[in-house]
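K.L.:
Spelled out, the chains give:
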Amino acid sequence: MKTLDEFVVLFAEQFDDTDKSEINASTVFHKLDEWSSLIGLSVIAMVDEEFDVALKGDDVKNAVTVEDLYKNVIAKL
Amino acid sequence: MAFLEFKNVRIAGIAAGVPRNIASNLHPTKEDYISSDYTPEAFVEATGVKERRISSTLTSSDLCYAAAERLITDLNWDKNEIEAIVFVSQHADYVLPATACILQDRLGLSRECYAEDIALGCSGWVYGLSNVAGLLSSGNIKKALLLCGDAKRRSKVPLDPLFGHAGTVTALEYKENESGFKFHLGTDGSGFDAIIIPDGGSRNQISSHSFEMENVEGKQLSRLQPHMKGMDVFSFGITTAPKSVKMLAERYSFNYLDVDYVIFHQANMKMNKQIVKKLKLDPDKVPSCMFNFGNTSSASIPLTIVISLKGKVEQRLTKFICCGFGVGLSWGTVEFETNNIVISDLVEVNDIEADNKYVI
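Chains as they are written, first to last, in numbering that gives the first Met the number 0: chain A, 0 to 76; chain B, 0 to 359.
There's no promise every hint is true.
To be verified - Some, not all, of what chain A presents toward chain B, calculated at C-beta under 7 angstroms: (1) Ala11; (2) Ala24; (3) Ala74; (4) Leu76.
What the hints assert, rightly or not - Here are the simulated EDC-like pairs of lysine to aspartate or glutamate, each with C-alpha atoms no more than 16 angstroms apart in a straight line: (5) Lys276(B) with Asp47(A); (6) Lys142(B) with Asp187(B); (7) Lys311(B) with Asp350(B); (8) Lys142(B) with Asp192(B); (9) Lys228(B) with Asp18(A); (10) Lys279(B) with Asp47(A); (11) Lys141(B) with Glu172(B); (12) Lys242(B) with Asp18(A); (13) Lys277(B) with Asp18(A); (14) Lys276(B) with Asp51(A); (15) Lys276(B) with Glu48(A); (16) Lys242(B) with Glu48(A); (17) Lys75(A) with Glu33(A); (18) Lys155(B) with Asp259(B); (19) Lys55(A) with Asp192(B); (20) Lys55(A) with Asp187(B); (21) Lys279(B) with Glu33(A); (22) Lys60(A) with Glu175(B); (23) Lys142(B) with Glu216(B); (24) Lys141(B) with Asp192(B); (25) Lys277(B) with Glu66(A); (26) Lys277(B) with Asp57(A); (27) Lys218(B) with Asp77(B); (28) Lys55(A) with Glu111(B); (29) Lys276(B) with Glu66(A); (30) Lys272(B) with Glu48(A); (31) Lys272(B) with Asp47(A); (32) Lys269(B) with Asp57(A); (33) Lys78(B) with Glu172(B); (34) Lys30(A) with Glu49(A); (35) Lys142(B) with Asp57(A); (36) Lys269(B) with Asp18(A); (37) Lys242(B) with Asp16(A); (38) Lys55(A) with Asp18(A).
Simulated from the structure, these hints should not be mistaken for lab results.
Computed from a prediction, not measured in an experiment: that's the story for all the values here.
Glycine included, every Cβ here is placed at the ideal spot set by N, Cα and C.
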């Protein structure tokens, strides 16, 4: 199982213009300038590939921090 | 497990009709709505849809009709021999009667004709094919037409620039010793509201409330427009489509990497790329037409064959896998071979060709 730190790295890879150092476990990701529904789709694709978990839109919308989303993914394993 | 196999049936030909009018997503009009999150260029890059064919006059059945007339001519079929017609669309000409009944007469088919409508979208061509293959495989009915497409909506609403209008026809015939079709079909009605037009059916009848604009995931929409949970649909597509292809291959013991072409419903570029990546398919084997035609619902698989494979496959044995997935939620995958098929030139339909006989 991937750790929270590994998840944060994978999460940050979905962004093109946001510096990796801006994203950590407690980042409120919806507030990032680059965050969009399109990045949300990339995150869903990443979680599907890396965890074999199918996230719903509400899972992404209701998570506040990157760690919230990680916990959600782990709960679906 | 919803697996089906029908032998002794083959595809004789495929044709597609689209409105002649081209709408560019780089130059949207006030009739289109693009989310304010995107510039037109960003929308085209994200969805892979640069332009699509649109008409405010031609219905799904008008486009299917034009395609069918062309294909019947190209196949040199006698109309009296066509004994079944299945119309797959979410935009029928009338609430009732079934559009297939109108098309039976409009096409000049015999009254000895089985006709029905099927109300499915993105999975509709595969479902329709399973229906028609099942009708033909016993050999009682020898020739049938499967008409699939979506075009003019039930009410004049702003258009989502992801979607184009198209109508297609697939001609099938009974022939002994043909290997036929193998299907995997699935449904998840718990996702009924992932893509939904809330009002206008009998659950929510049309009222003045239906026309009020409400905020749905950042878009201003009326209850007569499709509401789509984009992330849910994306997640569904990238997980379910690859799984369905794998399940079919496993059930019937073939390697899906060995087929000549894998045609997916043209949902949007991001979703389709992810599906191709997950299945590790050679992109050269996965043709697409969404750049010029958008997402055309149940027409997208046969339209892709017409646009991308005409001139390449007609005279040689060709192995296909086709997979449709979407609204319902509903999905289906089919494996089949073609040989000596007719693929008609794309039929471009003018607004004046709209039906004027079956109108009251």
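K.L.:
Are the hints correct? Go through all of them and say.
P.N.:
Quick rundown of the hints versus the structure:
Violation of the interface hint for Ala11(A) is found here, the shortest Cβ-Cβ separation to chain B being roughly 19 angstroms, above the 7 angstroms cut-off. At a threshold of 7 angstroms, the smallest CB-CB gap from Ala24(A) to chain B is about 22 angstroms, leaving the interface hint violated. Against a cut-off of 7 angstroms between C-beta atoms, the interface hint on Ala74(A) is violated, since the closest Cβ of chain B lies about 16 angstroms away. At a threshold of 7 angstroms, the smallest CB-CB gap from Leu76(A) to chain B is about 15 angstroms, leaving the interface hint violated.
Taking the CA atoms of Lys276(B) and Asp47(A), the gap is near 12 angstroms; set against the 16 angstroms cutoff, the hint holds. Annotation: proposed proximity of Lys142(B) to Asp187(B) is violated, straight-line Cα distance about 32 angstroms (limit 16 angstroms). Between the alpha carbons of Lys311(B) and Asp350(B) the distance comes to roughly 31 angstroms, so the proposed pair goes past 16 angstroms and is violated. For a cut-off of 16 angstroms, the pair hint linking Lys142(B) to Asp192(B) is broken: about 37 angstroms separates their Cα positions.
This hinted pair does not check out: Lys228(B) and Asp18(A) have alpha carbons roughly 29 angstroms apart, beyond 16 angstroms. A distance of roughly 15 angstroms separates the Cα atoms of Lys279(B) and Asp47(A); the hinted pair therefore holds under the 16 angstroms criterion. For the hint linking Lys141(B) to Glu172(B), the alpha-carbon distance of about 5 angstroms falls within 16 angstroms, and the restraint holds. Restraint check for Lys242(B) and Asp18(A): the C-alpha separation of about 35 angstroms exceeds 16 angstroms, so the hint is violated.
About 28 angstroms separates the Cα atoms of Lys277(B) and Asp18(A), which puts this hinted pair outside 16 angstroms; it is violated. Between the alpha carbons of Lys276(B) and Asp51(A) the distance comes to roughly 14 angstroms, so the proposed pair stays at or under 16 angstroms and holds. For the given pair, Lys276(B) sits about 10 angstroms from Glu48(A) by alpha-carbon distance, which is consistent with the 16 angstroms threshold. Of the pairs offered as hints, the one joining Lys242(B) and Glu48(A) holds, with about 13 angstroms between alpha carbons and a cut-off of 16 angstroms not exceeded.
Restraint check for Lys75(A) and Glu33(A): not satisfied, since their Cα atoms lie roughly 27 angstroms apart, outside the 16 angstroms limit. Straight-line distance between C-alpha atoms of Lys155(B) and Asp259(B) comes to about 41 angstroms, which puts the hinted pair past the 16 angstroms bound. Among the hinted pairs, Lys55(A) with Asp192(B) is consistent with the structure: their alpha-carbon atoms are about 13 angstroms apart, no more than 16 angstroms. Between Lys55(A) and Asp187(B), the direct Cα distance comes to roughly 14 angstroms. Compliance with the 16 angstroms bound is thereby established for this hinted pair.
A threshold of 16 angstroms between alpha carbons decides the hint, and for Lys279(B) with Glu33(A) the separation of about 30 angstroms lies outside it, so the pair is violated. Under the criterion of a C-alpha separation no larger than 16 angstroms, the hint pairing Lys60(A) with Glu175(B) is inconsistent with the structure, at around 54 angstroms. A hinted pair counts as satisfied when its Cα atoms are at most 16 angstroms apart, and Lys142(B) with Glu216(B) does not qualify at roughly 46 angstroms. Restraint check: the Cα-Cα separation between Lys141(B) and Asp192(B) comes to about 39 angstroms, which exceeds 16 angstroms; the hinted pair is violated.
A distance of roughly 26 angstroms separates the Cα atoms of Lys277(B) and Glu66(A); the hinted pair therefore is violated under the 16 angstroms criterion. Taking the CA atoms of Lys277(B) and Asp57(A), the gap is about 24 angstroms. The hint is violated against a cut of 16 angstroms. Taking the CA atoms of Lys218(B) and Asp77(B), the gap is near 49 angstroms; set against the 16 angstroms cutoff, the hint is violated. Taking the CA atoms of Lys55(A) and Glu111(B), the gap is near 48 angstroms; set against the 16 angstroms cutoff, the hint is violated.
Restraint check for Lys276(B) and Glu66(A): not satisfied, since their Cα atoms lie roughly 27 angstroms apart, outside the 16 angstroms limit. A C-alpha spacing of about 13 angstroms is found between Lys272(B) and Glu48(A), which places the hinted pair at or below 16 angstroms, so the restraint holds. A threshold of 16 angstroms between alpha carbons decides the hint, and for Lys272(B) with Asp47(A) the separation of about 14 angstroms falls inside it, so the pair holds. This hinted pair does not check out: Lys269(B) and Asp57(A) have alpha carbons roughly 20 angstroms apart, beyond 16 angstroms.
Of the pairs offered as hints, the one joining Lys78(B) and Glu172(B) holds, with about 13 angstroms between alpha carbons and a cut-off of 16 angstroms not exceeded. About 25 angstroms separates the Cα atoms of Lys30(A) and Glu49(A), which puts this hinted pair outside 16 angstroms; it is violated. With a CA separation close to 47 angstroms, the supplied pair Lys142(B) and Asp57(A) exceeds the 16 angstroms bound. Taken as a hint, the Lys269(B) and Asp18(A) pair is broken in the structure, with Cα atoms around 23 angstroms apart against an allowance of 16 angstroms.
A hinted pair counts as satisfied when its Cα atoms are at most 16 angstroms apart, and Lys242(B) with Asp16(A) does not qualify at roughly 33 angstroms. At roughly 27 angstroms between alpha-carbon atoms, Lys55(A) and Asp18(A) are farther apart than 16 angstroms, so this suggested pair is violated.
Comparing the model with each numbered hint stated earlier shows that hints 1, 2, 3, 4, 6, 7, 8, 9, 12, 13, 17, 18, 21, 22, 23, 24, 25, 26, 27, 28, 29, 32, 34, 35, 36, 37, 38 do not hold.
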